[in-house]
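S.K.: Following the hints, complete the assembly by docking chain C onto the known chain B.
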Amino acid sequence: MRRFIQDKGRTSAPQVWEISRKGNAVTSMWGQKGGAMQKTTQTFEGVNIGKANEKKPADVAQDWLERQVLLRTRKGYVEVNTTTDEPLGGAVSESEIDFEKGLPLNLRFFKPQNSLNGHCEKLLRAKTARLLRKRDGMMHVIFIGDGGGMWMYSSTMQSSHKDEPGIPWLQRYPHLAQEISNMHLPAGTVLLGELCTTAFAGFKDKYGMPVDDFEYVSTITKSLTPLALEKQKERGPLGYCIWDIGFWEGSCILREWTADTRFQHLIDVVSSPHRRHVTVPEMVYFSDDNALHVTSLDTMETFIDFETDDLATQIEVFIGDISGADAVAERIEAEVAGVQVTTPAEVKDQLGQFSVVFNLIIVGASVIAVIVGGLSVINTMVMTVSERVREIGIKKAVGARTGAILREFLLEATLLGALGGLIGLSAGSLLVVVLNAQTAASGTTVFLVTPWLLARSFIFATVLGALAGIYPAFRAARLDPVQALRST
Amino acid sequence: MTHPIILARDLHKVYRRGSSEVRAVDGISLTVMPGEFLAIMGRSGSGKTTLLDLVGCLLRPTSGELVLDGEPVSGAPDAKLAAIRAAKVGFVFQEFNLIPTLNALENVMLPLRYGPRRPNGRAEAIELIGRVGLTERAHHRPAELSGGEQQRVAIARALINRPAVILADEPTGELDSTSSAALLAMLRGLNAERGMTIIVVTHDPGVAGATDRVVRLSDGRVLSDVRRGDPGWAAALRGEPRVGAAAEGSGGARRAWARLGELLERRRVSRP
Chain B
0 MRRFIQDKGR TSAPQVWEIS RKGNAVTSMW GQKGGAMQKT TQTFEGVNIG
50 KANEKKPADV AQDWLERQVL LRTRKGYVEV NTTTDEPLGG AVSESEIDFE
100 KGLPLNLRFF KPQNSLNGHC EKLLRAKTAR LLRKRDGMMH VIFIGDGGGM
150 WMYSSTMQSS HKDEPGIPWL QRYPHLAQEI SNMHLPAGTV LLGELCTTAF
200 AGFKDKYGMP VDDFEYVSTI TKSLTPLALE KQKERGPLGY CIWDIGFWEG
250 SCILREWTAD TRFQHLIDVV SSPHRRHVTV PEMVYFSDDN ALHVTSLDTM
300 ETFIDFETDD LATQIEVFIG DISGADAVAE RIEAEVAGVQ VTTPAEVKDQ
350 LGQFSVVFNL IIVGASVIAV IVGGLSVINT MVMTVSERVR EIGIKKAVGA
400 RTGAILREFL LEATLLGALG GLIGLSAGSL LVVVLNAQTA ASGTTVFLVT
450 PWLLARSFIF ATVLGALAGI YPAFRAARLD PVQALRST
Chain C
0 MTHPIILARD LHKVYRRGSS EVRAVDGISL TVMPGEFLAI MGRSGSGKTT
50 LLDLVGCLLR PTSGELVLDG EPVSGAPDAK LAAIRAAKVG FVFQEFNLIP
100 TLNALENVML PLRYGPRRPN GRAEAIELIG RVGLTERAHH RPAELSGGEQ
150 QRVAIARALI NRPAVILADE PTGELDSTSS AALLAMLRGL NAERGMTIIV
200 VTHDPGVAGA TDRVVRLSDG RVLSDVRRGD PGWAAALRGE PRVGAAAEGS
250 GGARRAWARL GELLERRRVS RP
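Top line first, the protein sequences correspond to chains B and C. So for the first sequence, numbering that gives the first Met the number 0 puts the first residue at 0; every next one is plus one. So for the second sequence, numbering that gives the first Met the number 0 puts the first residue at 0; every next one is plus one.
What the hints contain is simulated information worked out from the structure, not anything from laboratory work. Wrong hints could be hidden among the right ones.
[Claimed, not checked] Stretch by stretch, here's where chain B covers chain C in the computed footprint (C-beta under 8 Å, at least three residues):
| # | stretch |
| --- | --- |
| 1 | 70-81 |
| 2 | 90-98 |
| 3 | 112-119 |
[Unchecked claim] Computed Cβ-Cβ distance ranges for the label pairs, DEER-style:
| # | chain 1 | residue 1 | chain 2 | residue 2 | range |
| --- | --- | --- | --- | --- | --- |
| 4 | C | Glu70 | B | Leu466 | 20 to 26 Å |
| 5 | B | Leu421 | C | Val21 | 50 to 56 Å |
| 6 | B | Val462 | C | Glu70 | 36 to 42 Å |
Glycine included, every Cβ here is placed at the ideal spot set by N, Cα and C.
Chain B with its partners taken away, still in its complex shape:
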């Protein structure tokens, strides 16, 4: 890295000062512009003040260089030019990159989560829009240039270039290049590469291609989420997000996705039993400030603009007139691609099948309750009759007819049923309120109490009491008055 600094020259000729670094050596040259230059070179040692703060010799040298530039500019020098050995600054045109000679650019690879962001930011500011990714030791950079040209780099590719310097990477995978160019990607598009063993088999089937020395094949895709599409509209091609997703079983190689299918796909992948073949989907996203973010679905909540809630897996359609639901469902089925519609009737059927079993259980429990309840009333009343034989005798002695006694005991059983019904209803309603309050948090109330249900239950309990009272009432009414009176 060389930096040129120039004084405005208050006297005759301007002073120039040049500083450059090579490894741990920093060389300064200064003199009058156009004249002879003085030169000094200084070398630096690494600084080790604890492992975390370790500085390599080159870094120390670089720091010193930056400090010198700062000192000079404070003294009135102006920085006029900077050349680098690395293509970090300035536009890179197709012609400058000669793949035949191997990789001229000193690519450095970073782990996505740390230095990649910062590094990519630099790339993006330089409008070269390169993206670097690393996965399982494989690194891929694919760049669509201004002229529609395409570059692809990878760390393994680099090494293979060294082995076979004569063959450009893209030439070894012309089919891949073909697919990519068929995408008609806009300038500045970043593609992410992915490696997948299963993709390999599909690749071979599809293209009949022999696969070279490494058993991985790069698969590439780009996709636009609806959010990305919007951002692209707002801020141009760089503002969209790119989904990077693994492919499986070779079926999805290099397909251009619509936003809808892409989403569906993402869901398929995440929920797929073949997930072990699939890398965890990752998302690369350019946020408003053009910062690059890389995240996985698992950590997407930490993502700035994009929350997992935005990933719609289901759309609920609310219709004003529910009777038109089937028609609307048909239209959606016909007109919207990539969606599967579940109509209310289907939902109802599913629920219905579930309900049948549930209802049978409830009905069974109810029948048992009715039998037990009825027997309880009968038992209670029979007990009552036998306890009150004398009372019945007295009543008969003072002139009560059989019918009157029958009526009294039937009425008592009916009231018993009604009272039991009321108590049961109160307890049941209370239980429903409590249970519903428990489940209200999940948005579902399981039990519903309607006035009609209350009325029916009450009437039912009353009638049950009356029916169960018939037999005991007959027993009471048919008692012989003399025996009843003289009973102990």
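M.R.: For chain C alone, kept in the frame of chain B given last:
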């Protein structure tokens, strides 16, 4: 002309217990005129309680005829018997037989439920409670009353439907002597002041001595039938049979039957 309250002719009540027959009442004829105060005496098993149940329409006689205050009882259906009980008979029992869950006033009002409609039945009940001296205790339950008080409630209950006859089965059997005396005085008063016909079943000569007529039973038959002032009165109270009494009684019954025949005849004629 007054007609008899109770007119019984050759009443039989036979219980069958397995193969054996028990003739609880075996051919009793009896006439009781309005305003009589009558004691039925006899040993245990002599049939006095069965006779009372028959007269009180709690039992239907196996054979024989019974007319209660002009209403033929024998052969009447259960409902008719119940109606007669409600309208014409007031029972007083040895064990009081009040309903434990009702207070005194409610017990007195109980027959109103089953008898003929009475618009101011409650007022009458309160009045009756007062007459038996229990106004202060009207809202107490039987368990909170003494035996004498309970029996007075029972008498008020027996009176509430203005019966033709009060049938008391050993009414003093569960009472101490003081209460017994008070109760007897009360019955005496009822008979004297209101002309209430009262039949008391007892084996207590003291109770029988308070009445005007003693009918003594043995083995379901009338052994003697003696009125106060008759020569055999004291003997009857002591339980000594007197030969002539039965004949006199049956003579009275014969006259009464003739009287009944007239009555029924008149009724048949008056009915359209």
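S.K.: Decide, hint by hint, whether the structure agrees.
M.R.: Now for the hints, and whether the structure bears them out:
With 3 residues having a Cβ less than 8 Å from any Cβ of chain B, the stretch 70-81 of chain C passes the three-residue criterion, so the hint holds. Using a Cβ-Cβ cut-off of 8 Å, 5 residues of the stretch 90-98 of chain C lie near chain B, which meets the minimum of three, so the contact claim holds. Check result for the stretch 112-119 of chain C against chain B: holds, 3 residues qualifying (beta carbon to beta carbon below 8 Å, three or more required). At about 38 Å, the beta-carbon gap between C/Glu70 and B/Leu466 misses the expected band of 20 to 26 Å.
Between B/Leu421 and C/Val21 the CB atoms are about 51 Å apart, so this pair conforms to the stated range of 50 to 56 Å. Between B/Val462 and C/Glu70 the Cβ separation comes to about 41 Å, which falls inside the hinted range of 36 to 42 Å.
The structure does not agree with numbered hint 4 stated previously, though it agrees with all others.
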